[in-house]
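Fit chain V to the given chain Z structure using the hints.
The chain contents come next:
2 protein chains.
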Amino acid sequence: MAEGGVIRTPSRGRSALLTDLYQLTMLKAYWEHGLHETAVFELFVRRLPPNRNFLLAAGLAHALDYLEGLRFQPDELEWLGGQPGFPPAFVDWLADLRFTGDVDAMPEGTVFFAEEPLLRVTAPLPQAQLVETRLISLLNYSSLIASKAIRFTLAAPTARLVDFGLRRAHGSEAGLLAARAAYLAGFDGTATALAGQRWGIPTFGTMGHSFVQAHDSEAEAFVRFARAHPENAVLLIDTYDTEAGASKVVEIAAGLRAEGIEIGAVRLDSGDLAAHARRVRRILDEGGCPGVRIFTSGSLDEHGVARLADVPVDGFGIGTALTVSADEPALDSVYKLQEYAGQPRRKRSEGKATWPGRKQVFRTCEHGRLARDVLGLEDEALSGEAMLVPVARAGVRLRSDPPLEEIRERVRASLETLPAELRGLESAPAPFPVEPSPGVRELTREVDHRSCGDDVGEGFAATGTPG
Amino acid sequence: MAEGGVIRTPSRGRSALLTDLYQLTMLKAYWEHGLHETAVFELFVRRLPPNRNFLLAAGLAHALDYLEGLRFQPDELEWLGGQPGFPPAFVDWLADLRFTGDVDAMPEGTVFFAEEPLLRVTAPLPQAQLVETRLISLLNYSSLIASKAIRFTLAAPTARLVDFGLRRAHGSEAGLLAARAAYLAGFDGTATALAGQRWGIPTFGTMGHSFVQAHDSEAEAFVRFARAHPENAVLLIDTYDTEAGASKVVEIAAGLRAEGIEIGAVRLDSGDLAAHARRVRRILDEGGCPGVRIFTSGSLDEHGVARLADVPVDGFGIGTALTVSADEPALDSVYKLQEYAGQPRRKRSEGKATWPGRKQVFRTCEHGRLARDVLGLEDEALSGEAMLVPVARAGVRLRSDPPLEEIRERVRASLETLPAELRGLESAPAPFPVEPSPGVRELTREVDHRSCGDDVGEGFAATGTPG
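Line order of the protein sequences matches chains Z and V.
To convert, note that position 29 of the first sequence is 29 in our numbering; the numbers rise steadily by one, no gaps.
To convert, note that position 389 of the second sequence is 1389 in our numbering; the numbers rise steadily by one, no gaps.
Source of the hints: derived by calculation from the structure; they are not laboratory data.
If a hint is listed, it holds; no wrong ones were tucked in.
Reference excerpt, derived from the structure (chain V facing chain Z, CB under 10 Å, subset only):
| id | residue |
| --- | --- |
| 1 | Y1141 |
| 2 | R1224 |
| 3 | D1272 |
| 4 | T1323 |
| 5 | V1334 |
Chain V residues, not near chain Z, derived (Cβ > 10 Å throughout):
| id | residue |
| --- | --- |
| 6 | A1095 |
| 7 | R1278 |
| 8 | G1291 |
| 9 | P1312 |
| 10 | D1314 |
| 11 | L1398 |
| 12 | L1415 |
| 13 | P1419 |
| 14 | L1422 |
| 15 | G1424 |
| 16 | R1445 |
Cβ pair distances, simulated, as ranges:
| id | chain 1 | residue 1 | chain 2 | residue 2 | range |
| --- | --- | --- | --- | --- | --- |
| 17 | V | E1446 | Z | E259 | 30 to 40 Å |
| 18 | V | R1071 | Z | L382 | 53 to 63 Å |
| 19 | Z | P403 | V | E1350 | 36 to 46 Å |
| 20 | Z | G351 | V | R1399 | 46 to 56 Å |
| 21 | V | H1449 | Z | D314 | 35 to 45 Å |
By construction, the Cβ of each residue, glycine as well, lies at the ideal position given by its N, Cα and C atoms.
The following block holds chain Z by itself, in its conformation from the complex:
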């Protein structure tokens, strides 16, 4: 398959070529000029999306896996050597490149806000540079989906929530990561079978319209499906007429019960879900099927779920709205150099300036509620809990990844501490306060003052070339 379509998704998503070419053009220049001092990069979200009052960190386990496994494969090096600007000596040097740096990060399931580093990399400049693209990609997407998923759990705290999004996810990796991120945020499980196999996430399967359509009789389809899945049959009743479907469920229920089979639930997937659910509930109750639950799907976002709060619906299958985070399909995640060779650094681009130095987030709770975050320097003596913790040293994880249940528990505990105004689906009246510390402000002044000395002459002077 020369130029055609085969997706050779790199084993474990760890290809070192999963990066922007500019990382490699920069590495070439770093290599040529010996820039391999220690760099400190921080990954953060510049701004919260308008429809989010807080974000939830996720994806760290994948990021660490990527860093530990980072290496160029022979075929990748061969390709690179064939591109302009990458001589054999540089390619040979890349062959030996590994990630040997330190990582500090917020554990998965931590609530965070704009400008707060989720992750800090401290490593020789070329290593820390190369990994930018993939680190952003992994933390950005999982955090995006966890931050969307938790809105559904806030909208329907007691309902069963299942990720139905694989088919509309942006590719298979997205579908898998979304299943995991949603589960971390409090979903009950996923329809994605592979996520069940990989991570032990509970999987849920119902039936599709095609099953009903493949039969001449809807009732026959129901009976056959229930017999094939006596453990928990969920019958899809909207293929032709939802209430007529519910009546058929009632009529077959007694016969199935005689065989020892209890129908688990019905699923509604179209039309006015509130109206249908109320009518179906009545049909089931009056027909002697009060134990048959009602599950709905069909293009619901968190607002749609919230609107069904008083409707007899026991669970929701959530697809597109979750898996592409439809109202906000991206976070403004960036990864910025904050220190190089012991010198704090910052960019001052319009609207995109950063705070320099190695930073820490100091979080203060009062009366069991989040009160404020301070963005301080790592070594600054500030009160509050330090949210970034050491997770890798010299390129190696400090502990194995926590079980998913531990992360789910962290999320539940974090939700307890969220102020009520952040917990709503609507925008909070004011953003949660995140203040740079005196140390950060002072360092910024120092860096700006120092860089006034920058002038064109240095460019050539430093490399010994006349200007």
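Below, chain V alone, put in the same frame as chain Z:
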């Protein structure tokens, strides 16, 4: 890494567990009841998103690769056998399952509209059912991105367009597929190195802010980068002050020229791009650098690109807006059973009813412009070009995937035939006409009439059980 984070992205994205569990629960019931007659499923988009006048088909090469490689691996079967409802005999049957069906589809790069099948699968019911989720996923995402990308080419037909989106794409598969889909739609290339290696897509690399920040002097950073990449250095000039950066470029240009190095371009990434580009163009021109091109990036969507039409900008790096299709992050793609065991089928769910039978899209051009599409039956004698063509028979591709250049050429040719009102970025005054044929309408009436005979009693009667 037991429960933790390792992404073992399945080799080639082809895992048979990349599916919704309900496909497997349905397969179990099909298997139990011997439903293995021929099924015909069609994949189509129910509605065009509000901001799209047409869509562009992409992803077929991946879909065919998936179908050809479909099989359950031993570890996948082992997992499935441990889930409730999947007995060993069923799991053994799955072990031998392969895709042996036929596929008809629109070639990649074909313009299409709502309700038009992109792809039709004709196969034994269990096979055709199982592949639903992954087929939607592959065609949905690549078509989504190709359909977004072409809007940028319409907005800036002569500018260089480069995909910068990997970091914000929803995972690595999305990033790779987006690079390819954008290239098919007319982009000049991508920053994603792996897309270059895999598919030979031209790759473009500039420099990042961190490269500038790692130096004490911006000018020194520029000189070093230009020396490392004399073949085509693109210098990022907005780290501190865009116009000051442009002046530094002018001041180092003569010295570099003396070394035989011509600076290729500068990149602007922040602030008012139009104002900066005009000022930078003047600084470069007046400084004797008329050959240094101006490349911009920085959160541009197609409208932002169109607004820069009269501004001296030679190229655009397009990130998030492209790679998550930010204004419309999903297509309403579905895959529906249209015939089973020789009988046409349809669903009649509210707002989601389908046209039954094996269908074909008959396209008519008049005076070199698309005039209308008719959604007809495959064997109906209708005028117009048949847009679905045979691409696989008995599970095997009929030809190797076309080179990407062939697809790009098809896109260019299709654009020529697009009526002017569909080519704008704004919504066309009326949707392009797609009409169901007399044959489709008649078949729908027949199916609806026949299914009136459906009643509950059949459910048990057909399986010999008293109701």
